[in-house]
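Chains as they are written, first to last, in this note's numbering: chain A, 1 to 109; chain B, 1 to 114.
For the record, the hints were derived by calculation from the structure and aren't laboratory data. Careful: at least some of the hints might be erroneous.
Said to hold, decoys possible - Derived coverage of chain A by chain B (criterion: at least 3 residues anywhere in the stretch with Cβ under 8 Å from a Cβ of chain B; other residues may be distant): (1) 72-83; (2) 95-108.
Said to hold, decoys possible - As a list, the in silico BS3-like pairs of lysine-lysine whose alpha-carbon atoms are at most 30 Å apart: (3) 108/A x 81/A; (4) 57/B x 71/B; (5) 104/A x 11/B; (6) 57/B x 11/B; (7) 104/A x 81/A; (8) 96/A x 71/B; (9) 11/B x 71/B; (10) 104/A x 71/B; (11) 57/B x 96/A; (12) 57/B x 14/B.
What the hints assert, rightly or not - What follows is a set of in silico ranges between Cβ atoms, one per label pair, in the way DEER data are often shown: (13) 15/B x 54/A: 45 to 53 Å; (14) 80/B x 58/A: 28 to 36 Å; (15) 18/B x 66/A: 42 to 50 Å; (16) 77/A x 5/B: 29 to 37 Å; (17) 7/B x 53/A: 15 to 23 Å.
Think of the CB as a built atom: it goes at the ideal place given N, C-alpha and C, for glycine as much as any other residue.
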Amino acid sequence: GQSLEQPSEVTAVEGAIVQINCTYQTSGFYGLSWYQQHDGGAPTFLSYNGLDGLEETGRFSSFLSRSDSYGYLLLQELQMKDSASYFCAVQYNFNKFYFGSGTKLNVKP
Amino acid sequence: DTGVSQDPRHKITKRGQNVTFRCDPISEHNRLYWYRQTLGQGPEFLTYFQNEAQLEKSRLLSDRFSAERPKGSFSTLEIQRTEQGDSAMYLCASTLRDRDYEQYFGPGTRLTVT
């Protein structure tokens, strides 16, 4: 089966940097995606890592280490609007996806 | 708005009734996924289509659930003989074949079974 672990909740202040970790156990691993979901909204794609290393998209960066079965999402220059739930999702067996339970990020002024 | 629409947005039904949800994906997207999400959890994979072909179905999915994508465009998800445990948000997502990892989610249909 598949398993993902990510912290349930993280709190940070506006302007700070926060890192959300994700560890996984899966067979047939292809890559790791990150999604943002505001309360009452739909998940929105943020980033994807198919290879080891860092991917940067504006204030968001994502990292993957296949050998460690580990990835993280880094959010810089936090803004109040970044308060949301963040999900990591493993892509496995080419076209299947397994989502973690999500990390609720609280950004405080 | 991602360009993926779902209808209805909310559905309240009594246990034992059948319900059907519709998803209209982004027109050029050839893959369509259905997920179920409960409070405090991530989306749970149910099934997916490439064009009109249903290529995968979760082993956790009861036989009461069926999905179609008859012309490779919109898709429907039907739940027969609903149970209270079926209460959840049902999400649809569409993707391009070579960018499966970038899923565009619709707003979801919230099902409440009383």
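For each hint, the structure was consulted:
no.	hint	result
1	72-83	violated (count 0)
2	95-108	holds (count 8)
3	108/A x 81/A	holds, 10 Å
4	57/B x 71/B	holds, 19 Å
5	104/A x 11/B	holds, 27 Å
6	57/B x 11/B	holds, 23 Å
7	104/A x 81/A	holds, 13 Å
8	96/A x 71/B	holds, 22 Å
9	11/B x 71/B	holds, 25 Å
10	104/A x 71/B	violated, 39 Å
11	57/B x 96/A	holds, 10 Å
12	57/B x 14/B	holds, 26 Å
13	15/B x 54/A: 45 to 53 Å	holds, 49 Å
14	80/B x 58/A: 28 to 36 Å	violated, 45 Å
15	18/B x 66/A: 42 to 50 Å	holds, 44 Å
16	77/A x 5/B: 29 to 37 Å	holds, 33 Å
17	7/B x 53/A: 15 to 23 Å	violated, 41 Å
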